Amino acid sequence: MMEHRPLNIPVILGTTRKGRMSEHAARFMVGQIEKRDGVKTELIDISKLPMPVDDAGDGIKDPAFSEKMAMADALVIVSPEYNHSFPGLLKHILDSCLKEYIHKAAGIVGVSAGPFGGVRAIQDFLPVIRELGLVNIFWDVNFGNVSKVFDESGKLLDEAFVSRADKFLNELVWMAKTLRYGRDNIALDS
Amino acid sequence: MATQKKKVICPKCGDEMNHHADKLVHPVTAEDASRDANATLGGLIEETHSCPGCGAVESRRAE
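These protein sequence lines are chains U and Y, in that order.
For the first sequence, this note's numbering gives the first residue as -15, with consecutive numbering after it.
For the second sequence, this note's numbering gives the first residue as 0, with consecutive numbering after it.
Pairs of lysine to any residue, SDA-like flavour, derived with a Cα cap of 25 Å:
(1) U:Lys161 x Y:Ile8
(2) Y:Lys11 x U:Ala48
(3) U:Lys52 x Y:Glu45
(4) U:Lys52 x Y:Ile8
(5) U:Lys161 x Y:Glu15
(6) U:Lys52 x U:Lys161
(7) U:Lys161 x Y:Asp14
(8) Y:Lys11 x Y:Ala55
(9) U:Lys45 x Y:Ser58
(10) U:Lys75 x Y:Thr28
(11) U:Lys161 x Y:Lys11
Stretch by stretch, here's where chain Y covers chain U in the computed footprint (C-beta under 8 Å, at least three residues):
(12) 47 to 57
(13) 83 to 96
(14) 160 to 169
Here are the computed distance ranges between Cβ atoms for each label pair:
(15) U:Ala40 x Y:Gly41: 17 to 25 Å
(16) Y:Pro10 x U:Leu172: 16 to 24 Å
(17) Y:Pro10 x U:Thr162: 21 to 29 Å
(18) U:Ser131 x Y:Glu62: 51 to 59 Å
(19) Y:Ala38 x U:Ala97: 43 to 51 Å
(20) U:Leu27 x Y:Ile8: 30 to 38 Å
(21) Y:Lys11 x U:Ile170: 14 to 22 Å
Simulated from the structure, these hints should not be mistaken for laboratory data.
Please read these numbers as outputs of a predicted model, since none were measured by experiment.
Yeah, the Cβ is synthetic: ideal placement off N, Cα and C, and Gly gets one too.
In isolation and in its complexed conformation, chain U is listed as follows:
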């Protein structure tokens, strides 16, 4: 397997809401990824992206976001749960790309003010992930009752999330390496 390039696993902060607690979760995940050798990451905050709403799909593709997705090996998508689903603007921006995602790994981090840690948002998200060509792992990280998991400054209050994130990232890195090998070396029979 070619290991000359570090794995690239950006973290997408999938909400634009003011005061979003998901930002703490996203920054925590960036920190956990940064601890790993051979993996690079960055935070992609969708509130900072140009996001026209007078068109959709390829018509709103942002070259910089497209390039980040093209060069990613896996995505960590941090999604709050709004009214039992994921944010519409998160889907709006993800829908702007397609080829960039195909045969790449994805893992979803759910965030909620209530106890369920975004599980309903994640369940809604899975068919979208599949149609985008991403391969979702079977680990999630669920930040339920998020106001008790982080303080206002973003400091982690519950250390159990370190080992939960570690398990999630172990699986995501394995899937990212495997899919990179496949993308680079295994041709589609046609």
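Chain U is fixed; fit chain Y onto it per the hints.
Relative to the frame of chain U, chain Y by itself:
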């Protein structure tokens, strides 16, 4: 039956890219629908190619 297609060359580093996926996409415009749609599959086939050298991604419409 396998057919030999012209390889895609990476526009970033010049390496030969690997064709690893065919994605069925549905035509958005009437022009696309009339020109390229595969009636059997119900849409258009977009080939996805990856560069082993630098990781770049390219796609092209299947012929």
